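Spelled out, the chains give:
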Amino acid sequence: MLPFFEEEMKRIEESIEDYRGGIRRNVAIISDPYYGEADLMARAASVAGPDGLRIDGRRLRHDFGILERAPQRIVVVDEAHRLSLRKVGGFDLMDRFLRFVTSEERLFITTWNSFSWRYLEEVLGIGRHFPRQIILPRLDAGQIREMLLAGREEGELTFVEEEAPGGDSKVLDWRVSRRAVMGHNIDLPYPSVDPGVIRSRLKRNRKEKKSGEDAFFERLAQISDGNPGVAEHLWKEALNYPEVRSSLRDPPTIDLDFDESFVLGVVLSSGSLELDELSEVLGPMDLSAETMAALLEEKGLVSIDGGVVTLRAEALKSDIEHERRLRLVW
Amino acid sequence: MVIMGEEMATVAPESSSNLSASATSEGVSEASAGISSALQAFGIDSSTIVHVILVLVLAYVSTRIVAFLLTRFSERFHWLRLGIKMEIPLAKLAIYGFAVYHILGSIFQLSTNQLIALSGLVGAAVGFGLKDLVAEIVGGIVLVLDKPYQIGDKVRIDGHYGEVTDIGLRATRLVSPDDSLIVVSNQRMITQVLANATAGSLEMQVVIDLFIDSSSDASRAMKILRDAAVTSRYVYISSKRPVTIFLKDYPFYKRVRARVYVNDLRYEFKFESDVTKRAWDAFLEAGIEPPKAMVMDPVSTSPAA
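Taken in sequence, the protein lines are chains D and G. If you count by my numbering, then the first sequence holds residues 1 to 330, one letter each, in order. If you count by my numbering, then the second sequence holds residues 1 to 305, one letter each, in order.
Some hints could be false.
Stated by the list, open to error - 16 Å max Cα-Cα, derived EDC-like pairs, lysine to aspartate or glutamate:
1) G/K292 / G/D213
2) G/K154 / G/E268
3) D/K299 / D/D257
4) D/K87 / D/D225
5) G/K147 / G/D132
6) D/K299 / D/E232
7) G/K270 / D/D286
8) G/K277 / D/D95
9) D/K87 / D/D257
10) G/K254 / G/E203
11) D/K87 / G/E285
12) G/K154 / G/D45
13) G/K154 / G/D213
14) G/K270 / D/E122
15) G/K240 / G/D213
16) G/K270 / D/D257
17) G/K240 / D/E122
18) G/K270 / G/D166
19) G/K240 / D/E121
20) G/K154 / G/D179
21) G/K240 / G/D281
22) D/K87 / G/E289
23) D/K317 / D/D259
24) G/K223 / D/D276
25) G/K147 / G/D178
26) G/K154 / G/D132
27) D/K299 / D/E260
28) G/K254 / G/D217
29) D/K299 / D/D286
30) G/K223 / D/D255
Said to hold, decoys possible - Over 10 Å on every C-beta distance to chain D, these chain G residues come out as not near it, computed from the model:
31) A59
32) S62
33) S106
34) G123
35) L202
36) S215
37) D217
38) V230
39) Y236
40) S238
Just so you know, these hints were derived from the structure itself, not from any lab. Source: prediction; values computed, not measured. Ideal placement from N, C-alpha and C gives every residue a C-beta, glycine not left out.
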């Protein structure tokens, strides 16, 4: 269980207390993938006790009747965004859920993928159904250190300095552009500056002034973008007990065409998606879910396991930047 | 005699052509002597002219390089694309302005009297022969400063519609949806009524009309069209850029219209096609029919038919 988000947990407990006192304010917990919001929901369900029902969006998608039949007064719904799919007719179940949420006297505590939330807010105005919205904040380097070193003795781990991969990259490189000049194609060389290498070198210079451990956690916070799940994943890669290698890889550079980017955006807006669901979205657009998922897997952006396409944690930051740049997510 | 006459006849034109040629060459040499004496009066020799040409060529090459680099840069930082491209005409104006300043100031080293004489000369040239060219260049400067449109905008002018790909000093270039290059002089661009669909934004409103049979379920059709629009891979939605669906009833059919924004104006037609295709797939699945052919066909519905 994450030792953070205590403030957010308090707000959930307040909502439950208010509800028992006669004030109903449905709760939406909004976060990027890998934030570990499921732990918060487990705690919320335990606070609700026998009065609470915990159910996830994927299950509701297949049997909405469970919700209608359940007698419990406090309903905890994990990943409520799974009730919609980005296709014609894909919001029908979400509309039904929102009508249910508004008309019932029960309290709903729900979690949402932040990208789906913003999209559904524009499309369906879901925010008005959930007056209490809790956005999980990103963790800073100190919090990530506290989370990952919890239960360990001081000095138990050794932080080993290693050169980051890709250290021989050039800041200035020459590229070639093919131009048509008087009916002939001519390759014109032009200088190209790589801002990623400049950033990386500046960071390396700053890092030298700090201890290995401080520098490691600052870099971890920066690469994971303060996402606890991603930080934990990268930590496991770096940890070779009792040593921790300082060479954290930069998130991968993304080179996708527009359709591939759209598919990545669909997966990002869900965290993970069954191939069948992806087919439902992509089929009407004449795109093959299997092919597109395989292309993304080949580029190290998703993994496919048991027919489920899941975002790779280490690529999450790059995915988000890429999708925002193309305005495929908001 | 006949032979002589023939000889005379053949000789006479030669001599007259020789005369006219010598007269022309005299005229040319007089004119060139006049020009060179006039140039010398301004202190301009052949090396100065070569220098001027070099500066102009350098300015031209510099504008091409700057435009190329800024375009590359703008494509890398997608969200800044239009903002960076806006600066290209300004950069061109600055480079050419500097070149002219350099030519007048450093190369010719004109005195006040010479500048007055030159401006008189330029005024005469503009008045007689170059007024259109100057009007176009002035139009280009006005466009750069006033910015009624920018590179990357989609504009309609004089019945032409397309994306602005270049704003030169003399003319603006558009690329039409069928990939034709349209060159419109800057003078026309500032004097004609111009419709700018994007005005510097990356997103752009697209209107999609679908026509259905009068007996079809219009509410269902509106919902399907809305779903098709908001689920498109090309859509852009925000509180300022909402999706709006309209219905209009005509005597023999209904029109369902979507006003929706495409996330990048380059995808305008792909967006329209994607929404139309998926909406019609869903219409047919829901039993929503297109209007009867005779209703939509103006020939078959005309009184004569």
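Against the structure, the hints come out as follows:
With a C-alpha separation of about 7 Å, the suggested pair G/K292 and G/D213 falls inside the 16 Å cut-off, and the hint holds. Between G/K154 and G/E268, the direct Cα distance comes to roughly 10 Å. Compliance with the 16 Å bound is thereby established for this hinted pair. At roughly 12 Å between alpha-carbon atoms, D/K299 and D/D257 fall within 16 Å of each other, so this suggested pair holds. The hinted pair formed by D/K87 and D/D225 fails the criterion: a straight-line CA distance of about 31 Å is larger than 16 Å.
A threshold of 16 Å between alpha carbons decides the hint, and for G/K147 with G/D132 the separation of about 21 Å lies outside it, so the pair is violated. Between D/K299 and D/E232 the CA atoms are separated by roughly 22 Å; this puts the pair beyond 16 Å, and the hint is violated. For the hint pairing G/K270 with D/D286, the CA-to-CA distance comes to about 13 Å; that is within 16 Å, so the pair holds. A threshold of 16 Å between alpha carbons decides the hint, and for G/K277 with D/D95 the separation of about 24 Å lies outside it, so the pair is violated.
For the given pair, D/K87 sits about 21 Å from D/D257 by alpha-carbon distance, which is inconsistent with the 16 Å threshold. The hinted pair formed by G/K254 and G/E203 fails the criterion: a straight-line CA distance of about 28 Å is larger than 16 Å. Between D/K87 and G/E285, the direct Cα distance comes to roughly 14 Å. Compliance with the 16 Å bound is thereby established for this hinted pair. Among the hinted pairs, G/K154 with G/D45 is inconsistent with the structure: their alpha-carbon atoms are about 48 Å apart, more than 16 Å.
The straight-line distance between the Cα atoms of G/K154 and G/D213 is roughly 33 Å, outside the 16 Å bound, and the hint therefore fails. At roughly 22 Å between alpha-carbon atoms, G/K270 and D/E122 are farther apart than 16 Å, so this suggested pair is violated. Only pairs whose Cα atoms come within 16 Å are accepted, and G/K240 paired with G/D213 is rejected, the gap being roughly 33 Å. Annotation: proposed proximity of G/K270 to D/D257 holds, straight-line Cα distance about 15 Å (limit 16 Å).
At most 16 Å may separate the alpha-carbon atoms for a hinted pair to count; G/K240 and D/E122 meet this at roughly 10 Å. For the proposed pair G/K270 and G/D166, the alpha carbon gap of about 23 Å is over 16 Å, so the pair is violated. At most 16 Å may separate the alpha-carbon atoms for a hinted pair to count; G/K240 and D/E121 meet this at roughly 13 Å. For the given pair, G/K154 sits about 13 Å from G/D179 by alpha-carbon distance, which is consistent with the 16 Å threshold.
Of the supplied pair hints, the one linking G/K240 and G/D281 is violated, its CA atoms being roughly 29 Å apart against a limit of 16 Å. Restraint check: the Cα-Cα separation between D/K87 and G/E289 comes to about 21 Å, which exceeds 16 Å; the hinted pair is violated. In summary, the hint linking D/K317 to D/D259 is not supported, as the alpha carbons are separated by about 20 Å, beyond the 16 Å threshold. Distance restraint check for G/K223 and D/D276: the Cα-Cα separation of roughly 24 Å exceeds the 16 Å cut-off, and the hinted pair is therefore not satisfied.
At roughly 26 Å between alpha-carbon atoms, G/K147 and G/D178 are farther apart than 16 Å, so this suggested pair is violated. Taking the CA atoms of G/K154 and G/D132, the gap is about 26 Å. The hint is violated against a cut of 16 Å. Proposed proximity of D/K299 and D/E260 is supported: the alpha carbons are some 11 Å apart, at most 16 Å. This hinted pair checks out: G/K254 and G/D217 have alpha carbons roughly 10 Å apart, not beyond 16 Å.
Between D/K299 and D/D286 the alpha-carbon distance is near 22 Å, which puts this suggested pair outside the 16 Å criterion. For a cut-off of 16 Å, the pair hint linking G/K223 to D/D255 is broken: about 36 Å separates their Cα positions. Every CB of chain D is more than 10 Å from the CB of G/A59 (nearest about 18 Å), matching its label as outside the interface. The Cβ of G/S62 sits about 14 Å from the closest Cβ of chain D, beyond the 10 Å cut-off, so the non-interface label holds.
With a closest Cβ-Cβ approach of about 29 Å to chain D, G/S106 is found to remain outside the 10 Å limit, as its non-interface label requires. No beta-carbon of chain D is positioned within 10 Å of the beta-carbon of G/G123; the least distance is around 37 Å. The Cβ of G/L202 does not lie farther than 10 Å from every Cβ of chain D; its closest approach is about 7 Å, which violates its non-interface assignment. For G/S215, the requirement that its beta carbon stay farther than 10 Å from each beta carbon of chain D is met, with the minimum near 22 Å.
Chain D leaves G/D217 outside its interface by the beta-carbon criterion, the shortest separation being 14 Å against a cut-off of 10 Å. Not every C-beta of chain D lies more than 10 Å from that of G/V230, the closest at about 5 Å, which undercuts listing it as non-interface. Residue-level check failed: G/Y236 sits 6 Å from the nearest beta carbon of chain D, not beyond 10 Å. Separation of G/S238 from chain D is inadequate, the least Cβ-Cβ distance of about 6 Å not exceeding the 10 Å criterion.
Going down the numbered hints, you'll see the structure goes against 4, 5, 6, 8, 9, 10, 12, 13, 14, 15, 18, 21, 22, 23, 24, 25, 26, 29, 30, 35, 38, 39 and 40, while the others check out.
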